[in-house]
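K.L.:
Here's the letter readout for the chains.
Protein chains: 2
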Amino acid sequence: MTRLSNPTLQFWFEFASPYSYIAAARIEREAKVRGVSVDWRPFLLGPIFSAQGWQDSPFNLYPAKGRYMWRDMKRLCDRFGLPFRRPGRFPRNGLLPARIACLEASRHWLPEFVRSVFRANFAEDRNISEVEVISEILVSLALDAQSVISRANSAENKEYLRRQTERALELGIFGAPTIVVDHEIFWGNDRLEEALEFYQSAIKLK
Amino acid sequence: MTRLSNPTLQFWFEFASPYSYIAAARIEREAKVRGVSVDWRPFLLGPIFSAQGWQDSPFNLYPAKGRYMWRDMKRLCDRFGLPFRRPGRFPRNGLLPARIACLEASRHWLPEFVRSVFRANFAEDRNISEVEVISEILVSLALDAQSVISRANSAENKEYLRRQTERALELGIFGAPTIVVDHEIFWGNDRLEEALEFYQSAIKLK
Chain G
3 MTRLSNPTLQ FWFEFASPYS YIAAARIERE AKVRGVSVDW RPFLLGPIFS
53 AQGWQDSPFN LYPAKGRYMW RDMKRLCDRF GLPFRRPGRF PRNGLLPARI
103 ACLEASRHWL PEFVRSVFRA NFAEDRNISE VEVISEILVS LALDAQSVIS
153 RANSAENKEY LRRQTERALE LGIFGAPTIV VDHEIFWGND RLEEALEFYQ
203 SAIKLK
Chain S
3 MTRLSNPTLQ FWFEFASPYS YIAAARIERE AKVRGVSVDW RPFLLGPIFS
53 AQGWQDSPFN LYPAKGRYMW RDMKRLCDRF GLPFRRPGRF PRNGLLPARI
103 ACLEASRHWL PEFVRSVFRA NFAEDRNISE VEVISEILVS LALDAQSVIS
153 RANSAENKEY LRRQTERALE LGIFGAPTIV VDHEIFWGND RLEEALEFYQ
203 SAIKLK
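Read top to bottom, the protein sequences are chains G and S.
The opening residue of the first sequence carries number 3 in our numbering; numbering runs sequentially from there.
The opening residue of the second sequence carries number 3 in our numbering; numbering runs sequentially from there.
Derived from the structure by calculation, the hints contain no laboratory data.
Everything numeric in this text was worked out from a predicted model, so none of it was measured.
Treat each hint with caution, since some may be false.
Which copy is meant is left open, because identical chains are indistinguishable; a pair holds if it fits in one copy or across any two.
Claimed, not checked - Derived DSS-like pairs: lysine-lysine, alpha-carbon spacing no greater than 30 Å straight-line:
{"#": "1", "residue 1": "Lys206", "residue 2": "Lys34"}
{"#": "2", "residue 1": "Lys160", "residue 2": "Lys206"}
{"#": "3", "residue 1": "Lys160", "residue 2": "Lys76"}
{"#": "4", "residue 1": "Lys160", "residue 2": "Lys67"}
{"#": "5", "residue 1": "Lys76", "residue 2": "Lys34"}
This is chain G alone, in the form it adopts within the complex:
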């Protein structure tokens, strides 16, 4: 069976997810040096965790794991030269920015928007569930915040995000970030380079 189209490299992320912050900050540069383009896929971990019986982040449900994660985040951010401040509240609800990131119109400013929201959450300890915080980020990108937010909250766009999250479940995604290439999934910032290499070899095989 031949496939005419190239596979895409999908970057699935959630704004509440600490390791998604690191991967989102790194992926564009790492992809660029390899000539790969990134398909940004926002989704919500809430329904994914619910499906596993969790009503909270596993980093809260399992305190030893949570303590380790914050220590590991600090070390990784130091290593990658990223600012980091442990959020005063975790996890923060990333519903509004996730909806914005779903907008077709966001295509041109999406990566910068995504990185700004992650930075607000994990480097500036700001509440990314607040309209004011997200508006400020949109304005900093020279966008009409009110108009963007209004479109993000349309029934059609809400439904789009719901379907994205369902699709994540169908793909076998159980955490964030996850990179998907064809039917292969790579979980975590730790697998970023491996996923990019896999994508490159998949392209060559076509």
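Guided by the hints, dock chain S onto chain G, whose structure is given.
P.N.:
Relative to the frame of chain G, chain S by itself:
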């Protein structure tokens, strides 16, 4: 406060743990090229998981995570040139080999024994909870299997392993493998190189 002794690099592992197989196969060579010696620390994940409310491996409790782990294991074993066959039963009980690995007398043959047991579990699909399987491994190392097993099952040695596992909990260990240097912990085969680098810089600071 000065400390006169150098920190040790402790490698905490469990024979039922897939990623411990990979790390155990890699650590001695990676440590050697950096001039680091490894302090092997067998422990049991059962009580650690129990403390988190799990009566089974999270890879069984959370099927999407489990499916991913086996795929990831295959990819990593290919990458590191390690043989791999998904065990017909998971997790296998690693109590007997863990007790053997606790013996003071095992010092000289421990790394080879550990690698052989992991290989039996994750490359040969053999039942490492069986005395016959473990005896065969001991004999292959030119050891008196009956004598080793008898000492491993002494009340004193059983108690030693119990205390090791309690110590793991106290250190904040929540999974395997975990590398401990001073009060810093590094979880997973993915952190092997980082832990070794941390150890080297900790030594230099003394």
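K.L.:
Decide, hint by hint, whether the structure agrees.
P.N.:
Each hint tested on the structure:
In this homomeric assembly, Lys206 and Lys34 come within 30 Å of each other (Cα to Cα) only inside a single copy, at 17 Å, whereas the closest approach across copies is 37 Å. Taking CA atoms no more than 30 Å apart as the test, Lys160 paired with Lys206 passes in neither setting, with 37 Å inside one copy and 54 Å between copies. Within a single copy, Lys160 and Lys76 get their C-alpha atoms no closer than 34 Å, and across copies no closer than 38 Å, so neither meets the 30 Å cut-off. Taking CA atoms no more than 30 Å apart as the test, Lys160 paired with Lys67 passes between copies only; the shortest distance there is 27 Å, against 32 Å inside one copy.
Taking the shortest alpha-carbon separations for Lys76 and Lys34, both the intra-copy value of 26 Å and the inter-copy value of 28 Å come in at or below 30 Å.
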